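So you can see what is in the structure, the chains are spelled out below.
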Amino acid sequence: MDADAARDKPAFPAASIPLTVRVQAESFDTAAEIAALSHGRSDIGALVSFSGLCRDEGGALAALELEHYPGMAEAEIRRICLDAITRFGLQGATAIHRYGKIAPGAPIVLVVTASAHRKAAFDGANFIMDFLKTGAPFWKKEHRVDGARGDWVSAKDADDSACARWLR
Amino acid sequence: MRTVDLVYFSWVRERIGRGEERIELPDTVLTAGDLIRHLKGLSEDHASALEHENVIRVAIDQEHVDHDEPLGAAREIALFPPMTGG
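Here the protein sequences line up with chains A and B, keeping their order. If you use full-length UniProt numbering, the first sequence corresponds to residues 1 to 168, in order. If you use full-length UniProt numbering, the second sequence corresponds to residues 1 to 86, in order.
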């Protein structure tokens with residue numbers, strides 16, 4: 001841990017840090033979510049946002065369909081965000097994940113993190129995404145352009161190793 | 001015997017042919033792993049869905065658990081494949 005990160009550890013519990021978690025079918029406005037997280041605050045020095053979009057896989061994919069476990073999906077993302085707030089001393093976080101049918105080019109997930117200095121915000125967003133991919137109960141099914149029956153997307157070993165590096 | 005609500009997702013749901021069911025559990029079913037092995041005996045569809053036991057993830061009352069976790073007083077138990085969100 002660098003000196004900045006150590007200095008920025010909050011003296012108050014993660015539960016008191018602004019945290020927004022939503023699981024929804026509709027799209028979201030990334031700029032509005034970033035603005036909402038920092039609105040009226042002068043303690044934030046760094047805001048990082050990550051957007052995950054639906055790829056068309058070289059034109060072969062008509063849509064992704066995301067199934068989720070209602071209730072647990074929100075709860076698990078919240079647990080991951082609270083871990084990140086505590087671990088990196090974040091001053092705020094927003095995580096939004098969509099479900100249902102999503103067209104190529106459309107957003108699937110948004111993570112926004114706020115901190116005093118950039119490293120915590122970058123690391124926090126990275127950490128949240130790594131654990132969200134392997135721990136939040138969502139499953140992607142492909143719908144192909146040619147009408148062929150799509151497959152469930154397979155989990156990647158690389159996603160598990162991405163999480164493991166935070167545990168070293 | 002006791003009653004638990006099971007929920008299934010993704011290809012586990014598709015192979016079993018339903019998203020949820022309520023079943024009576026014998027007292028010999030103590031852990032999440034015991035539950036998976038018990039369910040495999042219920043039908044060919046269950047056996048096919050849960051064929052590769054070590055791939056199946058389990059959540060008890062909406063929290064991830066390992067296969068050696070005791071079911072305890074679980075009300076809702078979910079079985080699903082590795083997650084692919086994000």
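Worth double-checking, as some hints may not be accurate.
Said to hold, decoys possible - To give an idea of the chain B side of the interface with chain A (calculated C-beta under 7 Å), a few residues:
1) T31
2) P82
3) T84
Stated by the list, open to error - Covered by chain A, per the in silico footprint, the following chain B stretches (three or more residues, Cβ under 8 Å):
4) 24-30
5) 45-53
6) 56-70
Derived by calculation from the structure, the hints in this document are not laboratory data. What you are looking at is a predicted structure, and each value in this text was computed from that prediction instead of being measured. Built from N, CA and C at the ideal position, the CB exists for glycine as well.
Hint-by-hint comparison with the structure:
Using the Cβ-Cβ criterion of 7 Å, the hint placing T31 of chain B at the interface with chain A is not satisfied: the shortest such distance is roughly 20 Å. For P82 of chain B, the shortest C-beta to C-beta distance to chain A is roughly 3 Å, which falls under 7 Å, so the interface hint holds. Satisfaction of the interface hint for T84 of chain B is found here, the shortest Cβ-Cβ separation to chain A being roughly 5 Å, below the 7 Å cut-off. Judged by the Cβ-Cβ criterion of 8 Å, the region 24-30 of chain B is not covered by chain A as claimed, because only 0 of its residues qualify and three are needed.
Only when three residues or more bring their CB closer than 8 Å to a CB of chain A does the claim for the region 45-53 of chain B stand; here the count is 0, and the claim is violated. For a cut-off of 8 Å, the count of residues in the region 56-70 of chain B with a CB near a CB of chain A stands at 4, and the three-residue condition holds.
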